[in-house]
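S.K.: Take these sequences, add in the hints, and give me the full structure.
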Amino acid sequence: MEFELPKLIEKEISIGLNGIITYSNLQSKDEQLGYSISIDGEPLFGFEEGDWQEGWYVIGRDTLCGDPIFVDLNGRDIPVFTAMHGMGEWQEICISGTYEGFLKSLSKLEDESDRNLSDNDTRIVLKEIKNYIGDAHLEFWERIIRIKI
5 MEFELPKLIE
15 KEISIGLNGI
25 ITYSNLQSKD
35 EQLGYSISID
45 GEPLFGFEEG
55 DWQEGWYVIG
65 RDTLCGDPIF
75 VDLNGRDIPV
85 FTAMHGMGEW
95 QEICISGTYE
105 GFLKSLSKLE
115 DESDRNLSDN
125 DTRIVLKEIK
135 NYIGDAHLEF
145 WERIIRIKI
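Sequential numbering from 5 applies to the sequence shown in my numbering.
For the record, the hints were derived by calculation from the structure and aren't laboratory data. Owing to the predicted nature of the structure, the values given are computational and were not obtained by experimental measurement. Keep in mind that the hints are not guaranteed to be accurate.
[Claimed, not checked] Derived DSS-like pairs: lysine-lysine, alpha-carbon spacing no greater than 27 angstroms straight-line:
{"no.": "1", "residue 1": "108", "residue 2": "11"}
{"no.": "2", "residue 1": "33", "residue 2": "108"}
{"no.": "3", "residue 1": "11", "residue 2": "33"}
{"no.": "4", "residue 1": "131", "residue 2": "15"}
{"no.": "5", "residue 1": "15", "residue 2": "108"}
{"no.": "6", "residue 1": "112", "residue 2": "11"}
{"no.": "7", "residue 1": "33", "residue 2": "131"}
{"no.": "8", "residue 1": "131", "residue 2": "112"}
[Claimed, not checked] Derived Cβ-Cβ restraints for the label pairs, each shown as a range:
{"no.": "9", "residue 1": "126", "residue 2": "46", "range": "36 to 46 angstroms"}
{"no.": "10", "residue 1": "135", "residue 2": "44", "range": "41 to 51 angstroms"}
{"no.": "11", "residue 1": "146", "residue 2": "54", "range": "37 to 47 angstroms"}
{"no.": "12", "residue 1": "69", "residue 2": "34", "range": "38 to 48 angstroms"}
Backbone N, C-alpha and C fix where the C-beta goes; we use that ideal spot for every residue, glycine too.
M.R.: Rendered as structure tokens:
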């Protein structure tokens, strides 16, 4: 199946030891290795629950754990997910209902990345991100912002 990939943005945002790296369209092609394609070019996706699904496309990773950040190109609004590495099966967690909301959330993180946020400032930033991501899990963003080791 052919999927249309949005324009991907190359970016690295660091907050303490945590952060997010996203890839350009060109860089992202190599990042599919081990997720949707094997080193031999064979497809690795499946159709069962827990399989890497057809249409999932890696666009970045979190820098603390190295977990992939990926879009679901099957979704009309191109939702964005993450999933833990090394668990034997993929259990996706939606981190933004739309790719556009993900980009807005990244921009907000980037704006605040050099600041030492108070608890109140953190709540304000997370509330704004929640507006961007819709019904997706805010916990991912909380972890990125709050872990400042």
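S.K.: Each of the hints needs a verdict: does it hold here or not?
M.R.: Consistency of the hints with the structure:
1. 108 / 11: holds, 14 angstroms
2. 33 / 108: Distance of about 23 angstroms is within 27 angstroms: holds.
3. 11 / 33: Cα-Cα ~13 angstroms, so holds.
4. 131 / 15: holds, 23 angstroms
5. 15 / 108: holds, 13 angstroms
6. 112 / 11: holds, 19 angstroms
7. 33 / 131: violated, 33 angstroms
8. 131 / 112: Between residue 131 and residue 112 the Cα gap is close to 11 angstroms, so the pair holds against 27 angstroms.
9. 126 / 46: 36 to 46 angstroms: holds, 44 angstroms
10. 135 / 44: 41 to 51 angstroms: holds, 44 angstroms
11. 146 / 54: 37 to 47 angstroms: violated, 26 angstroms
12. 69 / 34: 38 to 48 angstroms: violated, 20 angstroms
Taken one by one, the earlier hints fail for this structure at numbers 7, 11, 12, listed in ascending order.
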